[in-house]
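Keeping the supplied structure of chain A fixed, place chain B upon it in accordance with the hints.
Protein chains in written order, with the working numbering: chain A, 6 to 134; chain B, 19 to 235.
Honestly, I wouldn't trust all of these hints.
Calculated pairs, SDA-like style, for lysine to any residue (alpha carbon to alpha carbon, straight line, at most 20 Å) [what the hints assert, rightly or not]:
id, chain 1, residue 1, chain 2, residue 2
1, A, Lys52, B, Ala169
2, A, Lys52, A, Ala108
3, A, Lys52, A, Arg121
4, A, Lys52, B, Ser65
5, A, Lys55, B, Ala84
6, B, Lys220, B, Ala148
7, B, Lys43, A, Gln122
No lab work stands behind these hints, which were simulated from the structure alone.
Since we're looking at a predicted model, the values are computed, not measured.
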Amino acid sequence: MDRYLLIMRDVRRKKGTLLPIEVSILIAGLELRARGSKQFHGFRVAKEIKGRDEAKRLTAYGTLYRALDRMAKAGLLASEWEDPLLAAHDGRPRRRHYEVTAAGEAALAQVPEDTRQAALDFTKGLAPS
Amino acid sequence: MNVGSRSARGLIRSWTNLYTTGLPKQLQTERLNEVESDLWDQQLDDSLNGLAPEATTSEMLGRLVAGMLADLAWRFEQQHQSRRSSNMLAVIQQNTWKRNGLWALSLVLAAFFLVTGVAMAIGMEESSLAGKIAYGSGVFAFGVLILVGFAVTARRPVTGAVLLAVGAVGGAVMMWWFLLIPPVVALVVIAFGIHRARGFRKQARSDTGPPTGTAAA
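One chain only, chain A, in its complex shape (with noise of 0.2 Å):
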């Protein structure tokens, strides 16, 4: 199954190209530090894509942190774990940050027009009809 999983994520991705919902996590986190948030979490991203794209649900959780993580493993994005100090203060638990780096700018810098529509088609998908 993971060979089988590994191989299809092969077969279906072309060498430096990003997926649909990393092109929409890159653009959200950009869109985010235009209006001063330079670091975001998983729910802010989620929910900054449903407004954006006007999709119906926030980004499944499966999905969003498994793009999130590969994307970080990629070197597209940078996070670290806030302060447990600081969550323990606000008492919520702690979240992890995410930052666009400079070779995730370039990597959407890369990306035609055709396939950025692909993305806001991808979670336009579940925008109501």
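The following block gives chain B in isolation, referenced to the frame of chain A:
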């Protein structure tokens, strides 16, 4: 936070615990923390925006179900990379795609029963309240039986296989109206459960049996 919302959060935590079982501790903890933080943020955001608790519950369950395949795919990617396994899952983690595929199928069936059970109990179906709670709880219980069956198979192969079979058959019978998918999947899961139980039994016998002079597998 209402009952439905608490149940949904509990279900998501259980699912996350389940698909991260056997992975390195740090990976497991990080994924659990990340999902926990997301749940907390969503709950807060929805309540600040005046969203009904039922809507939050529904959205959480939707996000859970829609991401299950990605969760399993992530798990297998991590497993592939780390090559580490726990004692409990040693038999099913021998890198044969058939075993991993059947394992995933069984978990999906259990998760399907759990999610459907909760969805029915919290009122996504039009019927009498007592009826839908009883029906939903029944489906949920069969999903739990499958998971318990998995958990005990390593120590008690026969009991584990029986629990797994009862869960799969019971859930499939209750979901008979859902085309033929649950019964067919249930049959595959039962066959896998028996195969797995036999493997554990054989392993237990070889561990406790007299030394024969041959190398252990």
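Checked hints:
For the proposed pair Lys52(A) and Ala169(B), the alpha carbon gap of about 36 Å is over 20 Å, so the pair is violated. With a C-alpha separation of about 24 Å, the suggested pair Lys52(A) and Ala108(A) falls outside the 20 Å cut-off, and the hint is violated. Straight-line distance between C-alpha atoms of Lys52(A) and Arg121(A) comes to about 18 Å, which keeps the hinted pair within the 20 Å bound. Restraint check: the Cα-Cα separation between Lys52(A) and Ser65(B) comes to about 14 Å, which is no more than 20 Å; the hinted pair holds.
About 15 Å separates the Cα atoms of Lys55(A) and Ala84(B), which keeps this hinted pair within 20 Å; it holds. Pair hint Lys220(B) plus Ala148(B) does not hold up; C-alpha atoms about 45 Å apart against a cutoff of 20 Å. Annotation: proposed proximity of Lys43(B) to Gln122(A) is violated, straight-line Cα distance about 39 Å (limit 20 Å).
Checked against the numbered hints given earlier, the structure breaks hints 1, 2, 6 and 7 and satisfies all the rest.
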